[in-house]
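Q: Fit chains B and C to the given chain A structure using the hints.
Chains as they are written, first to last, in our numbering: chain A, 1 to 347; chain B, 348 to 607; chain C, 608 to 882.
Errors might be hidden in some of the hints.
For the chain C half of the interface with chain B, some residues (derived, Cβ under 8 Å), not all of them [said to hold, decoys possible]:
#: 1; residue: Leu728
#: 2; residue: Gly732
#: 3; residue: Arg734
#: 4; residue: Trp740
#: 5; residue: Thr830
#: 6; residue: Gly833
#: 7; residue: Asn834
#: 8; residue: Phe835
#: 9; residue: Glu851
Here are some, though not all, of the chain B residues that point toward chain C, as calculated from beta-carbon distances under 8 Å [stated by the list, open to error]:
#: 10; residue: Leu492
#: 11; residue: Gly494
#: 12; residue: Glu499
#: 13; residue: Asp520
#: 14; residue: Leu522
#: 15; residue: Glu523
#: 16; residue: Pro524
#: 17; residue: Ala528
#: 18; residue: Leu535
#: 19; residue: Glu537
#: 20; residue: Thr555
Don't read these hints as lab results, they were simulated from the structure. If you're wondering where the values come from, they're calculated on a predicted model, not measured in any experiment. Glycine included, every Cβ here is placed at the ideal spot set by N, Cα and C.
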Amino acid sequence: MTVEFDGRVARSGWALQVDQLAIAEGVTAVVGANGTGKTTLGRAVAGLDRLERGRLEIAGTAVDDPGAGVFVPAHRRRVGMVFQDHRLFGHLRVIDNVAFGLRRAGADRAGARRQAVALLERVGVDPKAWQRRPAALSGGQRQRVAVARALAPEPEVLIVDEPLASVDSSGRASLRALLGESPARHVLLITHDPVDVATLARRLVVLDTGAVVSRGSVAEVTASPGCEWAATFLGANVVPGRAQGTSVTTEGGLALTVAEEAAGSVYVTFPAHAVTLHRDRPAGSARNAWQAELQRVDIDGERARVHLGGPVQVRADVTRRSADELDLRPGLTIWASLKATELTVVT
Amino acid sequence: MAGGTITGHRHRPRAARLAMASAVASVSMLAAGCSSTAGNGAEDGGVVVMAASSLTEVMETVFEGRESVTPLFAASSTLVAQLAAGAEADVLITANAATMDRAIAEGSVRGEPVLIAVNTLVLATPAGNPGDVTGLADLGRRDLLVGLCAVEVPCGALAQQALGETRVTASADTLEPNVRALATKISLGELDAGLVYATDARTAGLATVDAPELNDHRNGYYIAAVSAEPAPEVQAVIDDFTGLGGTGAKALYAYGFGRP
Amino acid sequence: MSSPTRVRVDPGTEPRPASQLPAAVTWVGFVALGLLLLPVVGLLQRAPWSALPSILGESEVLEALRVSLIVSLAATGACIVLGLPLAFVLARRRLWFPRIVRAVVMLPMVLPPVVAGTALLFALGRRGLVGQWLEEWFGVSLPFTTAGSVVAAAFVALPFFVVTVEAALRQAGDELDEAAATLGAGAWATLAHVTLPTIRPALAAGTALAWARALGEFGATLTFAGNFPGRTRTLPLETYLALERNPEAAVAISLVLMAVALAVLVTLRDRWMPR
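So here's chain A without its partners, still in its complex pose (with noise of 0.2 Å):
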């Protein structure tokens, strides 16, 4: 099953142009700067903006065919929607709201509110929240009730625009774990944050000012990532560790020292950009160097992407001028450093 969309949506002043996108089961991250039209990729897939041409088919149906005359509403498709700005319903509680698609798709009030209360566990909201209204919650809780509310009525596709945004570090985790488990058997996840991406996604699609210009595995669209922000935003280093105060040591036992403070299985990540390669070991204030094995260059125009091997697998973008100074070749040992500013830690 798949959702295949080619087509054009009009908005005011621009257009979402999208070539015979074929999206499979499982998770994949729709990328790309502010303003490129990934909430309108996910709008149109569940029928909240209308195609002006094309099709769109899920599951081999066509919802939204403006040459054929169809149209499939939003409240028929089987797409749920969780939104960046939640779109909870104030004058309803926590739990109605988790119960309102069951109770849509004609569960009555005692089973679905059962339903509800089930999912509000697994996502995990404080059961002291679930007979208040959404108003006495905090974002992070909120996030987690939408999230739960959109799965409620366990739609075929669903599209999870910025999931993480608000919530707080300490529930990003287990709302990670939650989506990569969603019943849903397609999730679109619209998203601008690299974790996501390295822990969530099996497929990329890439958008630049309103078109599709990368998609494919993760590993297809890192080799070739079709525009700039994205070879930035895919070059970002995802690290697994565990921090104990401002020291976070990876699976490879390397010690970075972080910024800000933590606890607990982290990730660190930072830009490829950020790291520094040396012939020998770094002097000053970089006190995060370490010994690495260079496994390979891609050179691309002025820019060389290096992968590195070692204590900890890190891309790192230097110039090609520095790297031919550098005479960077596969096999090398070479010394990579970075500044403790340039690193962020999520939980």
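A: This is chains B and C only, laid out in the frame that chain A set:
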């Protein structure tokens, strides 16, 4: 203010008597009760004349082109109440004796009242008499829409008196607090018949049906100076109506008012 | 509530932010308040308190009260049934000339009621534009009937309901409707379970305002529907006539109308209006 029309305009085009336009204008007098007046003419040498609203057309004819006279119109009872509340005016003309008596009793009017005209009730129908009204007794017909004035206002009191004496029980559908509004509704064909003043029937272009029983029922129009010693120009305005040859008196008769 | 860390704050002693208001603004504000209050005081001071029960117990007054309740409640019902769809059209549909359409909707608010009544006569009267066909085809004639009073009252009250509800619909936006759609709610279910509950405060406020307006309606009712005891003579008409006959009675009835209106508005402000 909503419809608060004590009309004080001096120049009004004759064409305003076209049915539609005058319907709006005269029906809007219904709300006269919620307006207040500011009679300030006396101070700048002008004369403010408060007159019953049934005199609107007459007054406008008489005072046309006379910048020094400002006529104000409302129901007689409203005018008397406004005078009592301190409204400034020089001359009061009421549509019956009772209201003039009240103004004198309250001390608002100190001049001697003079009867200048009478108005008779007539049985009026829309032009063409679509309801085939033939006499006063037809006011009892249930198939007709019949309008009378509310008993609280002079024309209603008069109608009640007349109907009582002739033993006709009118099956009224509305009791209008304002005779002009009643005449307008008849002229629009919304009512089939009603009892209005002869002058209003004439102004609104209504057909009238002979009803000799009504002949004895008439209202007197009284004029009086507000002050006991009116200024000469004020007295001149009054004399215009009291003297038989005055332009005021002529206009009254021309509009269908009866001689006292 | 027994938690010791919770301090009960008396609303009267709540600290207020330091005011940046120029003194003159405050003064003029209070003058305006006085202007609004003065007529009320005037009415109260002339009120025949001891005679009140007997005046209000008069059969004419009770009859007018009955007509007023029937007419105002029916008019309010009409405002809801007709006004709700209109508010949705204004808030959610793309209109050809939105400003003009909106102005037309507000027209009865600014039109002198007497003119409104006259216009209704021209439109729905026995010889009116539409009224003549109503009479011919259905034998329905609205003027001088209770139904006519309801039409007149609904006409002037409708904008109050529509404007209130439309504003709430605009403020609510369609975000929640979209969310409901993705959860499988069709148009009617969304309307019933999301949109209307979301704007419930505005629905209540609009209903109360429309009712208060209908209850106080005078000019349009008198002009369009006339005045007949037990049929079309509402409390405001009774007041107007009483003014000619017995001013004390007029004051007494006005007091009742005022008390009702105040009760409605105070309740509104406390329960539903944003503070």
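Q: Let me know if the C-beta of glutamate 851(C) comes in closer than 8 Å to any C-beta of chain B, holds or violated.
A: 4 Å, holds
Q: Answer holds if the nearest beta-carbon of chain C is closer than 8 Å to that of glycine 494(B); otherwise answer violated.
A: 7 Å, holds
Q: If you take the shortest Cβ to Cβ gap from asparagine 834(C) to chain B, is it below 8 Å?
A: 5 Å, holds
Q: Can aspartate 520(B) be said to touch chain C, with a Cβ gap under 8 Å?
A: Hint holds; aspartate 520(B) Cβ to chain C Cβ min 4 Å, cut 8 Å.
Q: Would you check whether glycine 732(C) satisfies its interface hint, that is, whether its CB is within less than 8 Å of any CB in chain B?
A: This hint holds: glycine 732(C) lies near chain B, its Cβ roughly 5 Å from the closest one there, short of 8 Å.
Q: Double-check tryptophan 740(C) for me: the hint is only fine if its C-beta lies closer than 8 Å to a C-beta in chain B.
A: Violated: closest Cβ of chain B sits about 15 Å from tryptophan 740(C), beyond 8 Å.
Q: Using Cβ atoms only, decide whether leucine 522(B) comes closer than 8 Å to chain C, and label the hint accordingly.
A: At about 5 Å, which falls below the 8 Å cut-off, the nearest Cβ of chain C leaves the hint on leucine 522(B) intact, so it holds.
Q: Hold the hint about threonine 555(B) up to the distance rule: shortest CB distance to chain C must be less than 8 Å.
A: Violated. Min distance 20 Å.
Q: Please verify that hint: phenylalanine 835(C), Cβ, nearest Cβ of chain B, below 8 Å or not.
A: Holds, about 5 Å.
Q: Is the hint on proline 524(B) kept, meaning its closest Cβ partner in chain C is under 8 Å away?
A: 6 Å, holds
Q: Against chain B, is leucine 728(C) within 8 Å by beta-carbon distance?
A: 6 Å, holds
Q: Let's test the interface hint: is any C-beta of chain C closer than 8 Å to that of leucine 492(B)?
A: Nearest chain C Cβ about 6 Å off; hint holds.
Of the numbered hints given earlier, the model fails hints 4, 20; all others are met.
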